[in-house]
Amino acid sequence: MSEGTLYDKVWDRHKVTTLPTGQDQLFVGLHLVHEVTSPQAFGMLRERDMEVAYPERTHATVDHIVPTDDLDRPFEGAAEEMMSQLEENVREAGIEFSHPGTGDQGIVHVIGPEQGLTQPGMTVVCGDSHTSTHGAFGALAFGIGTSQIRDVLATGTVAMEKKDVRRVRVDGELGEGVEAKDVILEIIRRLGTDGGVGYVYEYAGEAIRNLDMEGRMSICNMSIEGGARAGYVEPDETTYEWLRETDAFEDDPERFEELKPYWESIASDDDAEYDDEVVIDGSALDPVVTWGTTPGQGVGIDDPIPAPEDLPEDKQDTARRAQEHMRVEPGETMAGYPIDVAFLGSCTNARLPDLRRAARVVAGREVHDDVRAMVVPGSQRVKAAAEREGLDEVFREAGFDWRGAGCSMCLGMNPDQLEGDEACASSSNRNFVGRQGSKEGRTVLMNPRMVAAAAIEGEVTDVRDLPETEVKA
Amino acid sequence: MTEDVETVERVTGTGVPVRGNDIDTDQIIPARFLKVVTFDGLGQFVFQDVRFTDDDEPKDHPFNEDRFRDASILVVNANFGCGSSREHAPQALKRWGIDAIVGESFAEIFAGNCLALGVPTVTADQAEIEALQEFVDENPDAEIDVDVDDETVSYGDREIDATVDDAQRRALVEGVWDTTALMKSNAEAVAETAASLPYIEAGAGGDA
Ligand code: SF4
Numbered sequence: 001m002s003e004g005t006l007y008d009k010v011w012d013r014h015k016v017t018t019l020p021t022g023q024d025q026l027f028v029g030l031h032l033v034h035e036v037t038s039p040q041a042f043g044m045l046r047e048r049d050m051e052v053a054y055p056e057r058t059h060a061t062v063d064h065i066v067p068t069d070d071l072d073r074p075f076e077g078a079a080e081e082m083m084s085q086l087e088e089n090v091r092e093a094g095i096e097f098s099h100p101g102t103g104d105q106g107i108v109h110v111i112g113p114e115q116g117l118t119q120p121g122m123t124v125v126c127g128d129s130h131t132s133t134h135g136a137f138g139a140l141a142f143g144i145g146t147s148q149i150r151d152v153l154a155t156g157t158v159a160m161e162k163k164d165v166r167r168v169r170v171d172g173e174l175g176e177g178v179e180a181k182d183v184i185l186e187i188i189r190r191l192g193t194d195g196g197v198g199y200v201y202e203y204a205g206e207a208i209r210n211l212d213m214e215g216r217m218s219i220c221n222m223s224i225e226g227g228a229r230a231g232y233v234e235p236d237e238t239t240y241e242w243l244r245e246t247d248a249f250e251d252d253p254e255r256f257e258e259l260k261p262y263w264e265s266i267a268s269d270d271d272a273e274y275d276d277e278v279v280i281d282g283s284a285l286d287p288v289v290t291w292g293t294t295p296g297q298g299v300g301i302d303d304p305i306p307a308p309e310d311l312p313e314d315k316q317d318t319a320r321r322a323q324e325h326m327r328v329e330p331g332e333t334m335a336g337y338p339i340d341v342a343f344l345g346s347c348t349n350a351r352l353p354d355l356r357r358a359a360r361v362v363a364g365r366e367v368h369d370d371v372r373a374m375v376v377p378g379s380q381r382v383k384a385a386a387e388r389e390g391l392d393e394v395f396r397e398a399g400f401d402w403r404g405a406g407c408s409m410c411l412g413m414n415p416d417q418l419e420g421d422e423a424c425a426s427s428s429n430r431n432f433v434g435r436q437g438s439k440e441g442r443t444v445l446m447n448p449r450m451v452a453a454a455a456i457e458g459e460v461t462d463v464r465d466l467p468e469t470e471v472k473a
Numbered sequence: 474m475t476e477d478v479e480t481v482e483r484v485t486g487t488g489v490p491v492r493g494n495d496i497d498t499d500q501i502i503p504a505r506f507l508k509v510v511t512f513d514g515l516g517q518f519v520f521q522d523v524r525f526t527d528d529d530e531p532k533d534h535p536f537n538e539d540r541f542r543d544a545s546i547l548v549v550n551a552n553f554g555c556g557s558s559r560e561h562a563p564q565a566l567k568r569w570g571i572d573a574i575v576g577e578s579f580a581e582i583f584a585g586n587c588l589a590l591g592v593p594t595v596t597a598d599q600a601e602i603e604a605l606q607e608f609v610d611e612n613p614d615a616e617i618d619v620d621v622d623d624e625t626v627s628y629g630d631r632e633i634d635a636t637v638d639d640a641q642r643r644a645l646v647e648g649v650w651d652t653t654a655l656m657k658s659n660a661e662a663v664a665e666t667a668a669s670l671p672y673i674e675a676g677a678g679g680d681a
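So the sequence lines, in the order shown, correspond to chains A and B. When you line the first sequence up against the numbering used here, it's residues 1 to 473, in that order. When you line the second sequence up against the numbering used here, it's residues 474 to 681, in that order.
Wrong hints could be hidden among the right ones.
[Claimed, not checked] Partner residues are not named here, just some residues of chain A that face chain B (Cβ under 10 Å, in silico):
# : residue
1 : 25
2 : 35
3 : 85
4 : 415
5 : 417
6 : 420
Quick caveat, the hints were computed from the structure, so don't treat them as lab data. Bear in mind the structure is a predicted one, so any value in this text is a computation, not a measurement. Where is the CB? At the ideal position from N, CA and C, for every residue including glycine.
With the hints as extra help, turn the sequences into a complete structure.
What follows is the structure in structure tokens.
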């Protein structure tokens, strides 16, 4: 059992008691709510005549079903019902709601951090598996199911079993063109999509330390794709600098100074004990793209796609089916794989620095004739900030569709979907069959600059071959 | 506020047999019903696609038969509830009126989801289950008694040995399956924990 890690410390601070089921009851510091997974839970509460216990620790947004073009109400079909249900639920309970009218709406895992709701040493939950994102701030953040959402609404707590802690150390400096996304794709490729089951990941090492908060979020975001329910990075100066600028502390520097000692105190001890450790040489990485239909089926851009029979036995079958679906052959590289759609968005990679970097690739170039390309900023604030810098113009001039904030084509629950067997270069986190709205659709996961490069060239391309242009704000 | 925690020591009622192995959660509640905002109306859609044709004509299915309409004990065969982990499946059954399920075996996640609703999933061997299904078919009004604590199922003049997973039995019999009620009863301790956290502003707090 781990000892003295951030995980142990934050767990202990939030533990209320051990339940007769053997699980621990943990206080929830921040409960984020979106329209898809919460309505049933509010319904159950109503059925039992219970009230929301800690509305002030709860915050709502709408992301999965929002259209990214026209926000006029009513939304189409079931989307409108989900939206109005959420409105009613948050009104009744007195929960703050970043709805589109506020200018603060966006993907739940983008708006929590940007509004300063997510803070180090907190427990953060949401009925969404990518809640692990918030771990980037040194918070303990995990996705929960509908019954657990009900528990949190009714009691402000959640029942959980403690996991083991694996430290994932990424040493060295990342090479030119290599990003956080490539690091996490590599981690999942190596450890497998179920490698993290039973673990929480602590990301450490020089390459992680040198990342900005957005990069850390990209990594923590995909912890779940590697099977870990949660992942975190210890808070440091980078974290504090970011927090200082958020709504929470911008006008209240005293509060910032008050909380800082707590944030510092929950970092893992130098002699902390871990249940497992994995070391990766970050300086040896190339941009990673996926060739298959799980996020673990990744490969360096210059490396050959593996032959199924060379993989561990339990992976061979999935690999065969994936290669058939994707129409790729072992021995080939992914470079040159034709692309029909480029999607720059999602809670993994649609924050301002992601868009800035992609814009530098796009500037002065044109989207390939056979590609429809879209940018879906992670939040309304990201969108507004990008527009202030003129990034929207850069993308538009190149032929990208510049859209409103939301989950969009990450999962195709709104009208943005793949059609037929289209292949999509995507900065999102899941390449499962059918994920982007079409059963025959093909998704290739990659970092945002690689998506930009694919959009320009019409095929998967090593972004390092495209010289960048400075984009002036 | 504290709330009495409900225990489920036994379930008594009439039965309904649904025959077949590997009945998955897609059959229990088809995916298109996931786009709903409450579980409330789900009861009427349970087994929708095996109960009705595309034109909404009823097909041959026990859940369409009047004689089983008041049943609360579902009798199934092997690997019931496999497939997607959707909590909508037990919710739909529960809302239709099912309070306990007796079968040869259950998918693990499905059984866990049932437990969260206080619905026992009780197993017995194939021959016993088939005999029970036959009995229910012939005696739709006969009472069946599922004793979770004793691990028996009684009907007519018979009592059969059944199995209830240990943890499940403890949770149901001791009334600790309902985490909401259980955790709600600790509201004071929760408020104390909250107050001890530096980031919680003094004076904030729940309805402890
Ligand atoms: S962007 Fe995608 S992964 Fe993120 S919350 Fe939305 S649907 Fe989920």
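Evaluated hints:
1. Taking 10 Å as the C-beta cut-off, the interface hint given for residue 25 of chain A holds, the closest approach to chain B being about 5 Å.
2. With a cut of 10 Å, the hint placing residue 35 of chain A at the interface with chain B holds, because the nearest CB-to-CB distance is about 8 Å.
3. Interface hint at residue 85 of chain A: satisfied, since its Cβ lies 4 Å from the closest Cβ of chain B, which is below the 10 Å cut-off.
4. With 10 Å as the threshold, the beta carbon of residue 415 of chain A stays out of range of chain B, its nearest partner Cβ sitting at about 14 Å, so the hint is violated.
5. Against a cut-off of 10 Å between C-beta atoms, the interface hint on residue 417 of chain A is violated, since the closest Cβ of chain B lies about 15 Å away.
6. Annotation: residue 420 of chain A was flagged as interfacial toward chain B, and the flag is violated, the nearest CB pair being 21 Å apart, outside 10 Å.
Consistency note: the structure conflicts with the earlier hints numbered 4, 5, 6.
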